[in-house]
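Residue numbers (this note's numbering), protein chains in the order written: chain U, 1 to 286; chain E, 287 to 855; chain X, 856 to 1165.
Hint data in this document are derived by calculation from the structure and do not stem from the laboratory.
Computed from a predicted model, the values in this text were never measured in an experiment.
By construction, the Cβ of each residue, glycine as well, lies at the ideal position given by its N, Cα and C atoms.
Take every hint as true, because none was put in to throw you off.
With a straight-line Cα cutoff of 27 angstroms, these simulated BS3-like cross-link-like pairs (lysine-lysine) come out: (1) E:K709 / E:K674; (2) X:K908 / E:K506; (3) E:K409 / E:K543; (4) E:K543 / E:K342; (5) X:K977 / U:K18; (6) E:K835 / E:K342; (7) E:K835 / E:K543; (8) X:K977 / X:K1070; (9) E:K426 / X:K908; (10) E:K533 / E:K543; (11) X:K913 / E:K506; (12) X:K1080 / X:K1070.
Every beta carbon over 12 angstroms from chain X, so not counted as near; a handful from chain E, in silico: (13) T498; (14) N688; (15) Q706.
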Amino acid sequence: MRRPSQLRDIWARYRRNKLAMVGLFVVVVLVVTAIVGDYLTPYDAFEQNLLNATAPPSAEHWLGTDVLGRDLFSELIYGVRLAMIVAVSTVTLSLVLGVALGALAGYRGRATDTVLMRATDIFLAFPVLVGAIVVVRAAGQGIWPVIVALALFSWPVSARLMRGQVLALREADYVEAARSIGAGSRRIVIRHILPNAIAPVLVYAFTSIGVVVVGLASLSYLGIGVPPNVPEWGRLISQSVPFLRVPGKTHLWLYPAIAICLTTLGFALVADGLRDSLDPKLRGDG
Amino acid sequence: MPLIRKIRAGTVLTLAALLSLLPAGCAKRPNVGTQNGGVPLVGFPETPAPPRVPGKPGGVFRLGIVEPVAIDPYNSQESEGNLVTENLFTELVNVNPDGSVSPGVATSWTSNADCSQWAFTLKQGTTFHNGEPVDPAAFKRGWERAAARSAASEVAYHMNEIQGFDAMQAGTADHMSGVDATAPDRLVVTLAHPDCEFYLRTYKTVFSPVPTVAGPADNKAYNDQPIGNGPFMMDGPWQHDRGIRLKRFDGYAAGPKANLDEVDITILPSQGGVQAEYDGFNNGTFDWARLPTPLLSQARATYQPRGEWISKKTAGINYLLPMVTTPPLNSAAARKAISEAIDRVAIARGVFQGSQVPADAFVPPALPDAYQSGVCTACRYDPAEAKKLAQQAGLTPGSTVNFQFNTGGGHEEWTAAVTQQLKRNLGLNVNYSGVPFTDLLNNEQQPGASGIFRAAWGADYPTPGNFLQPLLSTAAIGATSPSQPATGDNRGRYSNSRFDQLLAQAAATRDKAQRIGLYQQAEQLAIGQDLAEIPLWFRQQFRLANTIKFGNVYLDFAEEPTLAEITLR
Amino acid sequence: MTRFVARRAAQAVLVLLVATLAIFLATFALGDPFASTGEKVVPPEVQAIDRAKFGLDKPLPVQYLTYLGNLVHLDFGVDFDQRRQVSSMLAETLPNTIRLALVAIALDVLIGVIAGVIAAVKRYSFTDVLVTVSSTLAIGVPTFVIGLVLVGYVSGFWIFPVVPRSFTVQVPWWHEVLLPAFTLAIIDAAFIARLMRGSMLEVLRADYIRTARSKGLPERVVIGKHAMRNSMIPVVTYVGISLGVLMGGAIITETIFQYNGIGYLLARAIQANNAPVIMAVVVVSVVVFVLLSLLVDILYAYLDPRIRLD
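All chains should be built: construct the whole structure from the sequences, respecting the hints.
As structure tokens, then:
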């Protein structure tokens, strides 16, 4: 079991990792932006000014305007919020599903294990994007279909990770001890196994946030998912494709692309840092 | 343990905070101001038809299209398929770029007094690419091949006026009783309903003649390599998803021979196809291209001075389709409120960069005899009047109006603009959604459908009747009761007996001027008074063409390049 | 060994059965493919004829069983748009996708392994930081951005063919395949570099490497022969999975480069609601994926004798 002193150790190790700290900074900025973003945007992200479309960056519009004359900076801030909501909801959903089913499979074993693991096989056999496209097309437009579709194809990985951990811990001494004093299965799993098994799953969750952000953008790029008047990053890029080779219009696609990269990068760095500091053995320090 | 609790609590808190903030809003700077230089006046001027250049044989003309559904005339339907079929086949009549009609295989055509029977006199000695003669029987063969039930043709409906067509569609007859091909040089067609404009229809590719080798409609070999009687012939079968190669038919006798040796038609991705055409023109791959809307004004500035820019008003209209039998748009006032709340000029300038002409009628000016400028009184932008009308119609701020459009067709930007204007000018809660095209059509047909849908119509033949009859007549609803899906083209379910009467009267009127007068009255009623469709922009087409190497390049009535006339300079 | 293979094969068949059923149901949830295809309405009688022709008037279970029955003979049915054999569409496009996948994987491994090894051997050097940072960055860039930039700014130069080009222009396949393969490889190479660096670092600390070094073996041999081989295990797994994913068609990349593979085929089919083609492509990609993961499991066992198969 982890005690507060362990937490301090983890944080101390994490703090030494410069890249991880950079990542943490990015993530904190993104989360704060997502929460208070509405107070940061100079314009309403949805308000069009058709007479001033594709304007270059200026004092009025710091990053210029998009093809509908909407303020690009405000749109990107709105995009942060959208990406964060989709990413956090998707990852939470897939984490809850994955952890619960993974723990069940690992602890129960036998038929339950076989059935659940074959289920993960089936989901893993689909290319994520293709699977998500089919699900979103069938479920209709909106944020929730996207969240559900992306979660549907990402829970199996956390389930498998969780199962592996539970299998290893099931036979651990302290679990034996708990069992011997007559603790029930549910109590053992929830109080004793889960807290110790969840670290790698959490690390995976952080890694997968980037995947979800790119997935959301790819779906919007293909015109699937969020409604087209929503300034989602992938949508902003796809509507500026005609301007790809037009000089002076680079801002249309470059800034949304940077926003996507920065977000993914931030979460990937935090995930790396977390992994290293949670389990010092994995880090090459020796 | 505490680590877990903390993270979990944190995640939940963050999520809750994010979600609660989503609809929030606070005071923002107004997004106003314009760019220097300004945007051109609304509507790019037309470029005149190019001066005729004497033809000389030779040259390869290259262009890109997306994969057609079919090039066999029995089912050739969208502009990509038509481009190929139109050049492989010559029908009874031709329609010129300006909408006038000239002879095709038929040298003359006449009808009886009530327009219920038509006789076409055919040119003698014309043949198919394989040498078979083009006679009345070849036409009958082609028409019946498409009308047969087993063909399941999606374009055979153009023949629906011909006697015996229904029996063929039902599968109870093998021949169309109304088509008489017994004379050697005359094709006689009997109609079930009189139509003084029937001859115009025969210009559609589904009315093509076919040789005996065509076989039934499901003959795969013929589907991919049709043998026709047009100025060009297939050079090898259709290479699906890659390209189609046409070569000149030297035995062509139905009109002047083509000049080009070869036409190379490359098949492009359906998503971003227009962009690919434009890129291909720029990199020298193609001699002809459509343009992505956002680049229109830039491309015009580059190519117009070089004479490579074509701009032409065509017989089509972009409009919003209101559901006129279901609330909230079941009153003319409500529809007019929507229409007057849309700033067509601002959208034409902003989204279309001044290229499109805001509509003030439903029948477009490309049909100059029939066009009535200003017949749509509710087509002007008047937000104050719109508010009044909305109030009157019970379309109060906060009311929900559905607005659907199809994704992937380049409609994202202007529909987003319309949505915002309806929100701003009428305070409506616009339920805006983009769906795949098939879903859009399906949703429009449903009995409970309400609100507005994106729509466009291109004329099949040059007559106002082709706008009014299929889109607004009661017969074209295609549903016997309000609880059935509307299977016809009139999916707004507008029904007005006076309007139907005017159309019937027009169809049976032989005198052209009188007939057009009746059509104009009908438009006055359905659009001026009832606003059963909400016109947005008149259709205008823009193309880039390699006029440096080629002469006589222009857009024909069906918006295709005039391949049969193009010649090396 | 035989028992293991047999069991995994049985599982694979089960996965395939359930997966095809899922695709079947999802594809049909996409809606009626005959509702209408153009601006103008298809008459209801024609729609009915079409539905009957494709057996869509029969109950769903019958349709599914018929489909499975045909599938056994590699008959994927007829497409809804042009009524062509779907199997012949696959035969045209699948080889292109396989080619693209193989070139992409070769690039992946080449770039990824070299970068990873250098980063691990020269730890904390400038190169290491460069590899770490650029590989992390590369993971964050969406494929469509890389693809768009390459099409916009690189195609048309040197041996990279212009996009689009006329179908009459013959381009050697290795010219055509390079840019899309590179687009696909960037992200995977970054993953592999990170994997390789991590596992290499671990191996380098192992006793047998210390022994090898103390025996005075040249560093080249220590790294090249002993360390590399053992650090490749996670890379092999990753490459196997990645190959499976790529064979399933790179829907965005193939579309951007107008590359005639099954990903591009799928993109068009989704646009047109062409259910039999969607079905066929997804079935193929699932089959390929399942077969490859079976292969990886077996390969894995050979590479690492500690893994027991039964």
